[in-house]
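Novice: Chains as they are written, first to last, in my numbering: chain A, 190 to 461; chain B, 17 to 186.
Don't read these hints as lab results, they were simulated from the structure.
Hints are supplied without guarantee of correctness; some may be wrong.
Stated by the list, open to error - Derived lysine-lysine pairs resembling DSS-like cross-links, with alpha carbons at most 25 Å apart: (1) A:K447 x A:K458; (2) A:K249 x B:K93; (3) B:K181 x A:K232; (4) A:K370 x A:K333; (5) A:K291 x A:K370; (6) A:K447 x A:K459; (7) A:K333 x A:K249; (8) A:K415 x A:K336; (9) A:K336 x A:K291; (10) B:K178 x B:K93; (11) B:K63 x A:K249; (12) A:K370 x A:K415; (13) A:K379 x A:K439; (14) A:K415 x A:K379; (15) B:K174 x A:K232; (16) A:K447 x A:K415; (17) A:K232 x B:K178; (18) A:K336 x B:K181; (19) A:K397 x A:K458; (20) A:K458 x A:K379; (21) A:K397 x B:K174.
Note that the coordinates shown come from a computational prediction; the quantities given were computed from them, not determined experimentally.
Residues per chain, in single letters:
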Amino acid sequence: MISCAAIQNRLLALAEPMAVPQELAVHLTGCAACTAVQARAIKLDFYLANLPAPSSEARKLQFLEDVSAEGPVIRTKPVLPSSHGSGQFRPVRFLQRTVPPKAWASLAAGVLVFSVGVWWLNRPVERPAVPELAQGPRHELLAKSVKYHVGLSNSRTATQRFDIFSDWAADVTNEARDVYKVASREQISKLAAMYESTVATGLMDQAKLMIEDAANPAQFAGAITKLAETATQAQELSQAAPPDAQAALKRIAASADKARTALRTIADKKGA
Amino acid sequence: MIQAQAGDRAAAALLVEAYWDRLFRWLFQLTRDRHRAEDLTQETFLKALAAIQSFRVGSNFRAWLFRIAHNNFVNTKRSDKRRAMPLLDEVPPADIAPGPTTLAEDRETLERITQAIAELPREFRTALLLRCEEGMNFRDMAEVLQITEETARWRVFKARQKLVKVLEPE
């Protein structure tokens, strides 16, 4: 028999106090004290999600303007306010205190002579122009990836994130299917790596969290179907694909199949 | 992401647009100083954009970005004494939907919670806000804070344990 103190500690350690595992839910139905703690934890999370904060819109717009301006993205190194009053870099102040003025003059003369020497060795010659940063058309998968990143930031539950990763994996598969005939080995290989990462460290991790949070395993059904389709399609495509794309498509098929099997196992175990 | 890594400013701007507010909000709750939070947010993006080549496409960009922000925050904190917390009046009222409690009660509770958060050890505050304000899972929190998932869970637990007391009936 677990004590109320232990139950309350477990409640406070949950990712979301509202989504309690079965064994805690059973206890909560008959315990007013633990139910009150759960209510307070839910209320606390609600307040924390709504803490007031000022707007930073002006600073953001200024920064966006700087980022979008011509020239390198990083133009100046930001200087944070110093906690030492004068704002002067500490090693400089140390040198000023310890090095005599005459030594400074000798040093300056030495630097001047050295600079002239360096200039002479590197005097103006024809130099290649600095290449412009890439400015190609926006890629559809990039736009979707940004959308999914934003979606992940805004999501509150493992189920929401699971759905996002599932859609993301499907989009990467579609991209691979669209380009496998013309893509270089490196390009298609990157897509395969992206798919593997999205499924293995995205989708599967969220699935585990969903189970931790007592989700219904039936929620995996849609994803299992999609993964099975991906595995079959990618395997079929790899048979007739150009040699450069075959290995990558097989990797996608294997990754989808592995995730499908793992999800099925989790769902069956939980269902049983 | 691929285009941002290739140096496309428009793609970089999209990332800034998508994450600025969330990052600023978290840093503001940690520092309780708007200007400092803005400086830290800007510096985080500068560092992230400068190092964007090292970001692995397909992994979690938010966790990567918040990790840079956290390192920045910890580094500046080391050379900075604790700053005074502004009164709640200096920040706008929270956007809380009207519930059974009155607005005055909400405000008073928020004030007490804000005060209690400020009194939490920094590690607990950082973890709790990532969980409750950002909705981050323990795995991502572990990545941001460079700790284990268990430690992340434990920090959230300890922070909640202290803060629920604020909501206990008097």
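Novice: Take a quick look at whether A:K336 and B:K181 sit within 25 Å of each other, Cα to Cα.
Specialist: Outside the cut-off at roughly 39 Å; violated.
Novice: Is the hinted pair A:K291 and A:K370 satisfied, with a Cα-Cα distance of at most 25 Å?
Specialist: At roughly 72 Å apart (the allowed maximum being 25 Å), A:K370 and A:K291 break the hint.
Novice: Going straight from one Cα to the other, do A:K397 and A:K458 come out at no more than 25 Å?
Specialist: 12 Å, holds
Novice: Take the C-alpha atoms of B:K181 and A:K232, compute the straight-line distance between them, and say whether it is at most 25 Å.
Specialist: 12 Å, holds
Novice: Going straight from one Cα to the other, do A:K415 and A:K379 come out at no more than 25 Å?
Specialist: The hint holds at about 21 Å.
Novice: CA of A:K232 to CA of B:K178, is that 25 Å or under?
Specialist: 14 Å, holds
Novice: Does A:K458 pair with A:K379 here, judged by a C-alpha cut-off of 25 Å?
Specialist: Roughly 34 Å between the alpha carbons, so the hint for A:K458 and A:K379 is violated.
Novice: Does the structure keep A:K370 and A:K415 at a Cα separation of 25 Å or less?
Specialist: Holds. A:K370 to A:K415 sits at ~22 Å (cutoff 25 Å).
Novice: Is it true that the CA of B:K63 sits at most 25 Å from the CA of A:K249?
Specialist: 16 Å, holds
Novice: Could you grab the alpha-carbon distance between A:K333 and A:K249 and see if it respects the 25 Å cut-off?
Specialist: Holds, because 23 Å separates the two Cα atoms, which is no more than 25 Å.
Novice: Would the pair A:K336 and A:K291 pass a check requiring their Cα atoms to be no farther apart than 25 Å?
Specialist: The hint is violated at about 62 Å.
Novice: A:K249 and B:K93: Cα distance at most 25 Å?
Specialist: OK: A:K249 and B:K93 at ~23 Å, within 25 Å.
Of the numbered hints listed earlier, those contradicted by the structure are 5, 9, 18, 20.
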